[in-house]
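**Student:** Residues per chain are reported as follows:
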Amino acid sequence: MDRINLKNRILTAVFWVFLGAFSAFAQHSDPNPHSEPTPTEETGEHKEHSKEGKFDVMHHIADDYSFPLAGDYYVWLPLIIFEPGKGFDVFLSKELHNPDPTTGLIRGKYYYNHGKLFIVEGGHLQLDDKGHPIGKHSAKLTDIGSSHVFYDISITKNTFGLLLSVVLLLVIFISVARAYKKRGTDTAPRGLQNAMESIILFVKNDIAIPFIGEKKYAKFLPYLLTIFFFIWINNLLGLIPIFPGGANVSGNIAFTFVLATLSLLLVFIFGKKHFWGHILWYPGVNVPLKIFLAVLELVSVVSKPFALMIRLFANITAGHILIMSIIGMTFMVKSLIGGVSIGIVTSLFSALMFVLELLVGAIQAYIFTLLTAQMIGAAVEEGHEEHKEHAAAH
Amino acid sequence: MELLNPSFGLVFWMLISFFVLLLILRKYAWKPILNSVKKREDSITEALNSAKEAEKKLATLKSENEAIMAETKKQRDIILKEAREAKEKIINEAKTAAQEEANRLTIAARENINNEKMKAVTELRNQVALLSVEIAEKILKEKMGDSAKQTEVMENILKEVTLN
Chain Y
13 MDRINLKNRI LTAVFWVFLG AFSAFAQHSD PNPHSEPTPT EETGEHKEHS KEGKFDVMHH
73 IADDYSFPLA GDYYVWLPLI IFEPGKGFDV FLSKELHNPD PTTGLIRGKY YYNHGKLFIV
133 EGGHLQLDDK GHPIGKHSAK LTDIGSSHVF YDISITKNTF GLLLSVVLLL VIFISVARAY
193 KKRGTDTAPR GLQNAMESII LFVKNDIAIP FIGEKKYAKF LPYLLTIFFF IWINNLLGLI
253 PIFPGGANVS GNIAFTFVLA TLSLLLVFIF GKKHFWGHIL WYPGVNVPLK IFLAVLELVS
313 VVSKPFALMI RLFANITAGH ILIMSIIGMT FMVKSLIGGV SIGIVTSLFS ALMFVLELLV
373 GAIQAYIFTL LTAQMIGAAV EEGHEEHKEH AAAH
Chain X
26 MELLNPSFGL VFWMLISFFV LLLILRKYAW KPILNSVKKR EDSITEALNS AKEAEKKLAT
86 LKSENEAIMA ETKKQRDIIL KEAREAKEKI INEAKTAAQE EANRLTIAAR ENINNEKMKA
146 VTELRNQVAL LSVEIAEKIL KEKMGDSAKQ TEVMENILKE VTLN
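Keeping their order, the protein sequence lines are chains Y and X. Residues 13 to 406, numbered by the numbering used here, are exactly what the first sequence covers, in order. Residues 26 to 189, numbered by the numbering used here, are exactly what the second sequence covers, in order.
No wet-lab data here; the hints were simulated from the structure. This one's a predicted model, so the numbers in the text were calculated from it and none came from an experiment. Think of the CB as a built atom: it goes at the ideal place given N, C-alpha and C, for glycine as much as any other residue. A portion of the hints provided could be inaccurate.
Said to hold, decoys possible - FRET-style restraints, in silico, Cβ to Cβ:
| hint | chain 1 | residue 1 | chain 2 | residue 2 | range |
| --- | --- | --- | --- | --- | --- |
| 1 | X | 60 | Y | 69 | 44 to 52 Å |
| 2 | X | 67 | Y | 85 | 54 to 62 Å |
| 3 | Y | 200 | X | 96 | 43 to 51 Å |
| 4 | X | 60 | Y | 106 | 44 to 52 Å |
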């Protein structure tokens with residue numbers, strides 16, 4: 013009893029010291045930007061960016077070429093640039109912070125501004141009327157094949173988080189698999205093995221079997237398990253506020269886009285005759301209605317993974333924005349009621365949001381897996397329960 | 026890097042890492058884990074089934090045992106009953122035999138007594154006869170002397186005899 017009390021007291025003390033330090037930081041950071049002499053060549057917009065940059069919420073949720081630690085300290089990550097016809101160029105993101113003072117370029121051709129990278133031809137920077145440099149820009153998924161782009165496969169903050177989660181998952185589950193080999197099947201599972209087994213069995217018994225069916229679930233179970241744990245661990249890693257966590261991987265549209273596309277591909281690859289028959293040529297109605305229903309059903313097939321993509325992205329991003337906004341509130345309102353008091357209130361409130369986000373992280377992984385299983389289940393179904401897929405779509 | 030337009034690099038890395046993850050986990054994690062879980066489930070089902078069977082066997086054994094016990098009790102009761110009957114029979118027989126013996130002894134004793142009595146009576150009669158003869162002798166001797174006295178003596182003797 014005494015030991016637990018002592019532990020609680022120490023934890024509480026640490027918590028309040030942390031709060032105090034946080035609030036003090038909030039107060040002290042106030043006068044600094046005003047007392048600092050503003051460099052004359054900087055524009056007003058730039059000055060505001062550098063001051064508020066520490067709590068720029070959109071900057072936090074977006075990807076970045078380097079991993080910010082605190083203040084001006086970063087973990088530098090490698091940039092890998094592929095320019096068609098010119099090959100690969102690999103360099104550390106540290107160089108982005110030290111452009112050539114005369115041309116404003118990095119390595120003679122790159123121009124970096126507000127997280128965006130451009131390639132300027134001829135070593136001479138020229139801005140168009142939108143303030144963008146004339147030259148090639150980093151390709152998005154929508155501009156693949158365009159001649160004005162280069163391909164940027166840099167290890168960014170999100171790529172780093174992604175690879176970290178892959179490594180963690182491999183370590184966790186291969187060690188769990190080893191535990192089975194070591195302990196055999198006669199002894200009860202223990203520790204990590206036990207914890208993971210209950211979740212694996214949950215995915216198997218409460219997601220895969222009810223939605224895909226006893227006969228066919230086994231083929232899709234590895235995929236469902238992988239996306240469930242992949243999404244969950246990235247949700248959790250995204251909540252860790254310091255390096256190496258904190259990359260908003262599962263709240264990035266690229267992450268959810270790939271997973272949702274793969275789920276859609278599974279439907280296309282494994283969709284049975286029964287499924288396509290009901291989508292493309294609905295039985296029992298006249299021909300104009302058949303065509304109308306085919307269009308409607310095709311939209312529904314594509315809109316389901318689209319909804320998956322947006323749901324996960326929006327939920328996780330919203331959580332990050334909310335937590336960052338509440339923390340940022342300290343700096344917004346500190347002049348009204350004083351830094352310490354508002355620091356305590358916002359810290360408590362953001363702690364609450366963190367707990368909520370832990371829950372959301374698990375729930376979103378569950379929902380994504382469940383709806384994927386439901387899509388697959390509807391596609392591979394051969395029976396006559398054609399209304400199941402419509403009912404579960406909501 | 027815009028919010029809603031997936032960047033090429035991240036999609037590229039995402040595809041690679043997801044497929045690497047899926048393939049490695051499928052082979053080195055999900056397969057052994059799911060197989061082990063399946064094996065354990067099977068062995069648990071098997072163990073439960075064999076436990077049920079054992080229970081059934083135990084129940085039949087128990088009922089058999091009970092039947093044997095009941096049979097044994099019955100046997101025991103019969104034997105006890107027989108023993109009791111035998112005991113009573115023996116006791117009764119012994120009692121009758123004793124009674125008969127006693128009766129026989131009593132009768133023999135009585136006969137003996139009678140015989141002895143008869144013997145005594147006969148002896149007494151003989152004695153009385155001898156006495157009578159002696160008396161008659163004495164009387165005769167007396168009569169020969171004094172008739173009065175003889176009479177007197179006679180009378181006295183007779184008196185004595187009657188008293189005896």
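**Student:** State the violated hints by number, sorted upward, taking the hints as numbered earlier in the document.
**Tutor:** none
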